[in-house]
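Enquirer: Let's have the full structure, built from the sequences with the hints guiding it.
Chains as they are written, first to last, in the working numbering: chain A, 1 to 365; chain B, 1001 to 1503; chain C, 2001 to 2212; chain D, 3001 to 3177; chain E, 4001 to 4193; chain F, 5001 to 5227.
Since the hints were derived computationally from the structure, they do not count as laboratory data. Hints are supplied without guarantee of correctness; some may be wrong.
[As the list claims (entries may be wrong)] When the alpha-carbon atoms are kept at most 30 Å apart in a straight line, the in silico DSSO-like pairs for lysine-lysine are as follows: (1) K1480(B) - K3118(D); (2) K3076(D) - K1164(B); (3) K188(A) - K2127(C); (4) K2142(C) - K5174(F); (5) K297(A) - K1164(B); (6) K188(A) - K2010(C); (7) K2166(C) - K364(A); (8) K1438(B) - K297(A); (9) K1472(B) - K3118(D); (10) K2165(C) - K188(A); (11) K1472(B) - K3130(D); (12) K2186(C) - K188(A); (13) K2186(C) - K2166(C); (14) K1404(B) - K3118(D); (15) K2152(C) - K2165(C); (16) K4094(E) - K1404(B); (17) K1438(B) - K3101(D); (18) K3076(D) - K1438(B); (19) K1472(B) - K364(A); (20) K1438(B) - K3130(D); (21) K1456(B) - K1404(B).
Chain by chain, the residues run as shown.
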Amino acid sequence: MNPSSISLPPVASPHHLTGNSISRIMLTVCAALMPATLFAFWLYGWPAIFLWLVTVLSALAGEALCLRLSERPVAAVLGDGSALLTGWLLAMSLPPWAPWWIGALGGLFATVIAKQVFGGLGCNLFNPAMVARVFLLISFPVPMTAWVAPLPITAATAPGLHDGLMILLNGVPQLDAIASASLLSFAKTELSRGVDLVHALSGAAAPASSLIGARAGSLGETASLLIAAGGALLLITGVIRWHIPAAMAAGLVVPAAIAHAVDPARYLDVATHLLSGGATLGLFFIATDYVTSPNTKAGQLVFGAGCGLLTFIIRTWGGYPEGVAFAVLLMNALTPVIDRYLRPRILGRDWRGAPLNPETERAKS
Amino acid sequence: MGLIETFLHRFAAPRWGVHPDDHKRPAADAPLRQLPLPERLYLPLQQHVGQPARPIVLPGQKVRKGQLVAEAQGRISAPVHASTSGTVAAIGEITAPHPSGLPFSAITLIPDGNDSAGDIDIVADPFALAPDEIAERVAAAGIVGLGGATFPSAAKLALGKRSKVTTLIVNGGECEPYLSCDDRIMRDHAADVVDGIRLMMHAIGAREALVGIEDNKPEAIAAMRRAAAGFAEVTVRPVPARYPMGSDRQLIQTLTGKEVPSDCRAADVGVIVNNVSTANAVHRALRLGEPLIRRIVTVNGGAVWQPGNLMVPVGALVSDLLDFVGLKSEPARLVMGGPMMGSVLPHAQVPVVKGTAGVLAFNEDDIATPPPSPCIRCGSCTQACPVGLLPLEMAALIRNDRLKDAAVLGLPDCIACGCCAYICPSHLPLVQYFSHAKSELWAQERSTLRMEATRKLAAERAVRLERDAREKAETAARRKAERAAQKAAQAAAEAALSTENAA
Amino acid sequence: MSTLALWRDKLAYQPVSLGIVAMLSGLALVVANTATLPGIAAAEQRDLQTSLEQVLPSGFASNDLVRDTILVSGGDGPPRTVYRARTAAGAICGTVFQVSGRGYAGDINILIGLDRDGRLLGARVIKHQETPGLGDKIESAKSRWIDDFAGKSLSSPPPAQWAVKKDGGVFDQFAGATITPRAVVKAVRQGLEFYAAHRAEILNDSPKESTR
Amino acid sequence: MFAAVISLTLLGALLGLGLGVAATRFAVEGDPLVDELIALMPGSNCGQCGMAGCAAAAQAIAEGSATVTVCPAGGKALATMLGEKLGISVDLGDIVDDGPKLAVIAEEICIGCCRCLKVCPTDAMIGAPKQIHNVIREACTGCGNCIERCPTGAATLQPVPVTLPHWVWPKPAPALA
Amino acid sequence: MGEYIALLITTAFVNNVVMVKFLGLCPFLGVSKRIDGALGMGMATTFVIVLAGAVCWNIEHWLLAPLGLGYLRIISFILVIAAIVQFTEMVIHKMAPSLYQTLGIYLPLIATNCAVLGLALINTQEGQSFVTAVIYDFGASTGFSIAMVMFAGMRERLALARIPAAFSGAPIAFILASLMSLAFMGFSGLNLS
Amino acid sequence: MNFREISRNGLWDQNIVLSQILGMCPTMAVTTSGTNGLGMGLATTAVLVCSNMLISSVRAFVSPQVRIPVYIVLIATLVTLVDMSLNAWMHDLYRVLGLFIALIVVNCAVLGRAEAFASRSGVLASALDGLFMGLGFTASLTVIGLIRELIGAGTLFAQASLLLGPAFAFLEIKVLPNYGGMLMMILPPAGFLVLGLLLALRRLFELRAAARTTPATAVPDAVAGCH
Ligand SMILES: Cc1cc2nc3c(=O)[nH]c(=O)nc-3n(C[C@H](O)[C@H](O)[C@H](O)COP(=O)(O)O)c2cc1C
Ligand SMILES: Cc1cc2nc3c(=O)[nH]c(=O)nc-3n(C[C@H](O)[C@H](O)[C@H](O)COP(=O)(O)O)c2cc1C
Ligand SMILES: Cc1cc2nc3c(=O)[nH]c(=O)nc-3n(C[C@H](O)[C@H](O)[C@H](O)COP(=O)(O)O)c2cc1C
Ligand SMILES: Cc1cc2nc3c(=O)[nH]c(=O)nc-3n(C[C@H](O)[C@H](O)[C@H](O)CO)c2cc1C
Ligand code: SF4
Ligand code: SF4
Ligand code: SF4
Ligand code: SF4
Ligand code: FES
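Expert: Listed below in structure tokens is the structure:
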């Protein structure tokens, strides 16, 4: 009467799953980064392309190494695309003509120290790409703040394939000749010299130039508009939700607007804050990293606002010209606490977790 | 759906839940078919929550269709009736429709093919009966909730009456993909359903009835509206198609705005929820005198040749259903219930029970389950959870065996709807984590209770040992005293004797 | 031992024992202080002396600089101690005093030595908190940068060029660290200006103004 | 000079006084923790933990010389409770919890010697001399005392059969990557 | 008022005792496994630091400085701190046994928490006024508590992560602290004036 | 407690830094170079030996209520004495170690040893314990300092002659000529990072050792002091 014994271990419901997967999400993000990346490649030429390659490959290599050591499936995990994305985002935030060892050390640091040591994907507490960026900035402030003005790959003076490789290997010859400050560090230097911003940022130095990428900066900083377009794609495809970008933008814009209104000579205007530095990249691609941001809406709003505000504070009063990476890391450190205290309300319970009063519910109609 | 419509849908829909592809058609549109009487029926004694029924027939006994074969035991219980006429072959065990593959008790019935019913006791106007009497008849008919929970309906009606329920919500949500048995009932028997609803309202004393139907079932909505047209107290209310709209708490919230407090029943806020098929069963019990011995079962899934709805006697084997509809291929997985909450079946030799809404035979493509990856904390599960829980945190705690901490996060409030596991891009078996934790916690609870009992027993034993010792000592003392007394008496006697002698 | 154990839990034992320990410690420290005081004072004196001599060419001063000081108030802040160097004949041939500026991570204290005409004889950073590897090249132990100041005066280079090269001046900056050298240059320049403003007072050799 | 010694001595004496007073004022009597732990233990004093009963086990746990997983009778449930009380995380992997066990008497072999009956800490064994003994399922904790004493091997420990309501969903296997 | 707020922020974040000044690391690493414990320790430490700071300031101001007993500073400060700590310990042991359980051996160790003595010494070194000293102490110990709570939150999450065996426990806690102080580097050079 | 055990405890099994994880503040703050680590370690060793001996000899007289204040007073006195004498008579060394010496007072490892060992053991054993604990501390600090220095600046024991005296000049090595340096190594993050990696290394050793001796047992909680 009971012929067949149990054939399989019990499988729990649901028996129907979404077609979504981690690799699909990560590849969508990569796709959203693509236009800005290609544009930046065009702007900065071969050295930037090589640096990007070195960074991505070393991030992948670091991940693969750790997976080998901990005896986990290398190919399957690399295939999830998260290490690729980490390397990519790191490359987007480096000076485009930085020497190869910057990219290589950064990529390794990101995946080994900031990610795999904590247990790999999903277990890291800090954004790996930003950890690596800050590590590089603190360790090698000179090459990490050596920006070059855009020199489109099609321009006659642009380094060719061979020269690009040389720049990658040996660094930029006569850096001072072509060095150019990024907008934020330019503003900071001028302020520290006692020049007011109204004068400093007029004419060729006007912030609007960064809109079209005509200003020195990292790959991800030069094409703010394309980055924003990528962000819009992420929002539309539902990969990210609006809470973090909106809150972060608000956290940055509101104090910036107030300060600028009070003293335009001392405080940068809103557009500059939003369009320069890593702000756009941070807004859509970095602060939104699932693993290191809170996962409730309220938490994400707090997190985003904190990122924006800290970015503003560090940019305005801090020792570093750029604050997105630090702001994101600081808020990463706060994320578990946010998650702990901002939990969603459970149906049938109040915010503190006590059951609702049936009589008040009965009275509703 | 057009772009604008999709957009509007996004904003109009509730913020919880998921929207899986519903796969309801073409099965929903196929006309109802009758399953031919199988060779054997297995009538399980436990087809409801509560105490199992107690068999009152003996092997070899002949029974008529609808005859009581096992009676209810205790307050929360339901009787079992013969689904057709025939001979009781045995009272034994059969594999339960449960993922564990463990057996449970069932009465084996060999149909005689006549399908002859016994005497039928019908009242002319059930509305003339007292509410309690309706509940009694519902109880006698063995009706249990057909929406999946299989709670004895009479107990629910009685509870509703006691708690002064004003609103009866009729659950025509049928939010599970693939299933369409409720849809079929509403399309084909709308008038009967409405009659059942009015009978239940009478039994509870409710003033109004709201029939919530997901808006992906326009035919059912139309049919029900037509049937309810004459009754002002019955309102048909389309609700957005979003899983798990059919869950009672979510439906109550959507239809009335009330939230059922976490430690309360719906009745505590003045609402009772019943399934449309339950209403139909109530109608049949009171108007036709037929106990709950058959139900509509959706047979669907990629491996099924002719998906559709079947009228099935309770106790038929899943294999009988599958043989009838035909299989395209060996199913990769058999599921009883819907794909979101249904339980996987160990094999096809398990009986259809009263709560079986569907039998799904999936092929490899339907269930292609990639291996789980680590949680990336994407928050989709939190977003989807209709209860507002943090599935990722609970799962992480459970993975580390911190079950109590998971309970603090709200594990007991989880309704196991599966939204979280459905949406998870890492394909984590979240529901299994929660089921594991819940059953493990219950087991721990049981062992704690047991330990308490042990402690009591040990204490009692200590008392007994002490008493025994004391009694022994007392007896010994008494004996000694007696012996001493005896000796004394003897001595006295001897002395007396000697004095006597001396004298 | 057993009586001790009895006593140890008594209330009075606590203040007495802790008091005794404190008293003995106090005694030890007092004794040590008395013994080491002269040594420490002498050592500190020597330290100052060597620092002062660093900013003057060797053999420049024939007197004991440490004892030949004058307090000059002016500029902003408290009066400055100015040490004066004399020739063997006793004429004032140079001065040494401390200037400070705000660097990247805090104040930088610099000792500068000038000749009578206000030409720099030397400069030494005596205290700073700049980042090692970046800003600490102002230390003479790490780099010869600070030696560039020798021979400079307010007029050479001209005031406009008293700045780092990045700001259009003559002094090198360090790659990636402009703030530190900028601060040093500014502090030294202010020192020169201070000297120019108070030259008469400093060179005034009437004995009543010299302290100590 | 004197000032130094005197002020330091006074400071020391004053603080010593304060501490002395505080120590008597705020003295904490006994160790309430052990009592709380004892209250949690099964209390059957079966000795499976290898200690002289539950109170000794509680004492050992409080002192840290025994782990919270020491009591096989209490199983995982007890271990988690103890862990919570002590504020430590418990590695439940340590517990060999192969499910609850019950004593079963093989009626053909039982000679009715009554030895098992005397050692059962929960009075789960019933019977009278020279009669077949029986185990009350609800009361037996599976401690095994009777098994050791049974001269004929009639008493054995059998796993409690799993039934539908007692079935526990297995924990999912961890993700590979 | 403004400058007090700036002082508070600077001491709490820019010159965070733990992350930047390297004071109080032992309790920072020891009592940060759970947020609740960290919060309790943070509050206990704040209490001790502010109280000890105030008492030490007075001792310095009214006793040591006037009598020229600077060389007794370390010993008298540490004596005061030790006494305050032990007193607090006894009170907590009596009043809140559960808190006592979590803070365990660390309560006595507050006495050797360098942050307490360090801050008291810094107060005198910088010649602060009483109010500034108290604000400074409060800001610093708040910074200590904030760092502890953030760190504890992260360690609670670490407890659920799949840390490689060689790193689980202390090693990963240090690496985490390293990344956290990397983040705090963002405040370096922050100048609110 | 025999000699072997005491020395093994101090140098490895209960190493203050690598196992007990105590005295973290000086460990992190001074290990920006090998020289600093060495200097701090030696100074601490001196104090540890003296304080252990002193406390061991007065332990019978100290009541539990005032135990900690008494120990701390004794340690502080010792430290101040050392501080003053160095200042007066070895001024050059003092200029280097002066700051570190004040830090020793609050190095909880010193009090930790007083509590855990000296208050229960004889004077000689306590002195030995102090010596080996101190040497273990010194070794750890020096190693951390060397790693940070090597990666940070490409040198080993830079300025040893300046700080510890000309006799130590032989230690100074410039390993990587032409090396640009890595600033983070002398900043706080690298202190934590290097120690974390060292601890992981130690754990790895122990895991290997455990696997060799008892192949099938579970992972031991290797770092006993990891609270
Ligand atoms: C996640 C979830 C989904 C449910 N879906 C349905 C459904 O689609 N239709 C339904 O009738 N009951 C559904 N139920 C059961 C209802 O909550 C409720 O028990 C039932 O409608 C009560 O009616 P009954 O007693 O007549 O079965 C669902 C329950 C849960 C927890
Ligand atoms: C950790 C760190 C420490 C720094 N320390 C100093 C320093 O001591 N002195 C300095 O001038 N700049 C220092 N900087 C660099 C300044 O932040 C600033 O970027 C630089 O001085 C600007 O100079 P530039 O115009 O040459 O780029 C430091 C930067 C970092 C990241
Ligand atoms: C793995 C690796 C790491 C390096 N790290 C650094 C570094 O930390 N700092 C640095 O300035 N150069 C670093 N370099 C680059 C070389 O040391 C570089 O050639 C050296 O700084 C010489 O530079 P110069 O030509 O500017 O003197 C590194 C190179 C490699 C291969
Ligand atoms: C929307 C989104 C944003 C991401 N941002 C980052 C990022 O800023 N830095 C990074 O290293 N990885 C990022 N990732 C990849 C991945 O989440 C990350 O490697 C994990 O933190 C590794 O555990 C992102 C992924 C997604 C889906
Ligand atoms: S949906 Fe899955 S991957 Fe996303 S947070 Fe939830 S459990 Fe993690
Ligand atoms: S299964 Fe539980 S946790 Fe998951 S979505 Fe449903 S109610 Fe929420
Ligand atoms: S094993 Fe458990 S029940 Fe038995 S004596 Fe020990 S503590 Fe008590
Ligand atoms: S195993 Fe034996 S002795 Fe132990 S409780 Fe059960 S019957 Fe009693
Ligand atoms: S050395 Fe332990 S707290 Fe600073």
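Enquirer: For which of the previously enumerated hints does the structure constitute a violation, in increasing order of number?
Expert: The structure conflicts with hints 2, 5, 6, 7, 14, 19 and 20, although it agrees with all the remaining ones.
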